[in-house]
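J.: Sequence:
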Amino acid sequence: MERLEIIHCLERILNWLQQNAPSYIEGFLPGLSYEEIEEKVSNLPFKLSEEVYNLYHWRNGTNSQAMIFVYHYFWHLDMVLEISSDCVNDPLSQEFRQQAGEPLYLFPIFEYEGEYFAVAGQTTLVETAPVYHIDADAGEVRLAFNSLTAMMQTIAETYETGGYYLTPEGQLEWDDKKFRSIRLKYNPELIDDLYVY
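Note that this note's numbering numbers the sequence shown so that position 95 is 118, with each residue one more than the last.
Be a bit skeptical, because a hint or two may be false.
Pairs of lysine to any residue, SDA-like flavour, derived with a Cα cap of 20 Å [to be verified]: (1) Lys70 x Leu100; (2) Lys208 x His80; (3) Lys70 x Asn86; (4) Lys63 x Thr147; (5) Lys70 x Leu55; (6) Lys70 x Glu105; (7) Lys70 x Ser108; (8) Lys70 x Thr146; (9) Lys63 x Val149; (10) Lys63 x Ser108; (11) Lys200 x Pro211; (12) Lys63 x Leu104.
To be clear, the hints were calculated from the coordinates, so they are not data collected in a lab.
Keep in mind the model is a prediction, meaning the values are calculated, not measured.
Given these sequences and hints, build the entire structure.
T.: See below:
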């Protein structure tokens, strides 16, 4: 069920972009086979959710700076693996997260200027896993979405209802109030705002 729903949401996002901002989809890289994904992630000290496999099977990130997912870039898998070990899962970050009761391992799929959306690493293969927001300034980790599917449901509906829109200059902007409302719809127990201004 989750695999079909996440792919359906990703296709809704792609459809909106095709109709409204076709230049944004030119940079999507072809998806990887499940075998290719498994080979690349086999040395990780944690397991990824099935949603992550489905995402990278759908598309292997982008080779452009198109800010499609909550104004973040969708990294190709090799980049995620490099950043995951170098920055996000370094021993000091892990120690701080462990002391705070946060996930020991995070897999940063979306990035913008040192800010990440990352899926929690698991001890066993699971269907879904929570998505966390990592702040660029202090490295604060906050639960952002219940799952990657819930994130894509939120983003797809935000596009389709005008919460994301193009400025006359062709820049992608968003209506924060609408985004918050839709996020709450798919993540009802997450009452905190994702961003604190």
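J.: For each hint given before, does the structure comply? Return the numbers of the non-compliant ones in rising order.
T.: Hints 2 and 3 contradicted; others consistent.
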